[in-house]
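Colleague: Generate the whole structure from the sequences, applying the supplied hints.
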Amino acid sequence: MEIRVLEELVEFGQEKMKKIPVFDSPHMFYDLYALLPGQMQKVHAHEGSDKVYLVLAGEVRVQVGKAQATLTTGQATRAPAGEEHGVWNASEQPAVLLVVMAPRPS
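Numbering (the UniProt record's numbering), first residue to last: 1 to 106.
Bear in mind the hints are in silico, worked out from the structure with no lab data behind them. A hint or two may mislead.
As the list claims (entries may be wrong) - Distance condition first, Cα-Cα at most 25 Å in a straight line; then the derived SDA-like pairs of lysine to any residue: (1) Lys16 to Glu2; (2) Lys42 to Glu83; (3) Lys18 to Glu2; (4) Lys16 to Gln93; (5) Lys18 to Leu98; (6) Lys19 to Glu92; (7) Lys16 to Ala90; (8) Lys42 to Ser106; (9) Lys19 to Thr72; (10) Lys18 to Gly86; (11) Lys19 to Arg78; (12) Lys16 to Phe29; (13) Lys18 to Pro105.
Modeller: In structure tokens:
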């Protein structure tokens, strides 16, 4: 059995958002995204894969399709397959998200 302590995995990159693999398989991925203030994941889309963003710490702006919202700790949203999506830390505090995508994009 694989067990991970998420808070022990979190690390931030000064130059760009840090993606931290937690679990990875041919069927899905389960990552942490660590964003310092001003960092972002550019808007993009995945055909055939849904993505879920869950905020573990901090606050982020999320775009799914044309809609945008601010998510705070404990809030989540889903980007359906084919929908453009992205996330950025517009706050003054670091943010950590749990990101799950399935099926894993090819």
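Colleague: Would you mind marking each hint as holding or not holding in the structure?
Modeller: Do the hints match the structure? See the list:
1. Lys16 to Glu2: With Cα atoms ~28 Å apart, Lys16 and Glu2 exceed 25 Å; violated.
2. Lys42 to Glu83: The given pair, whose Cα atoms are some 13 Å apart, holds under the 25 Å limit.
3. Lys18 to Glu2: 22 Å, holds
4. Lys16 to Gln93: Given that 25 Å is the threshold and the Cα spacing comes to 15 Å, the pair holds.
5. Lys18 to Leu98: 12 Å, holds
6. Lys19 to Glu92: Measuring from Cα to Cα gives roughly 20 Å; hence the hint holds.
7. Lys16 to Ala90: 14 Å, holds
8. Lys42 to Ser106: Since the Cα atoms of Lys42 and Ser106 sit roughly 19 Å apart, the hinted pair holds (cutoff 25 Å).
9. Lys19 to Thr72: Within the cut-off at roughly 19 Å; holds.
10. Lys18 to Gly86: 14 Å, holds
11. Lys19 to Arg78: 18 Å, holds
12. Lys16 to Phe29: With a Cα-Cα distance of about 20 Å, the restraint between Lys16 and Phe29 holds, given a limit of 25 Å.
13. Lys18 to Pro105: Within the cut-off at roughly 19 Å; holds.
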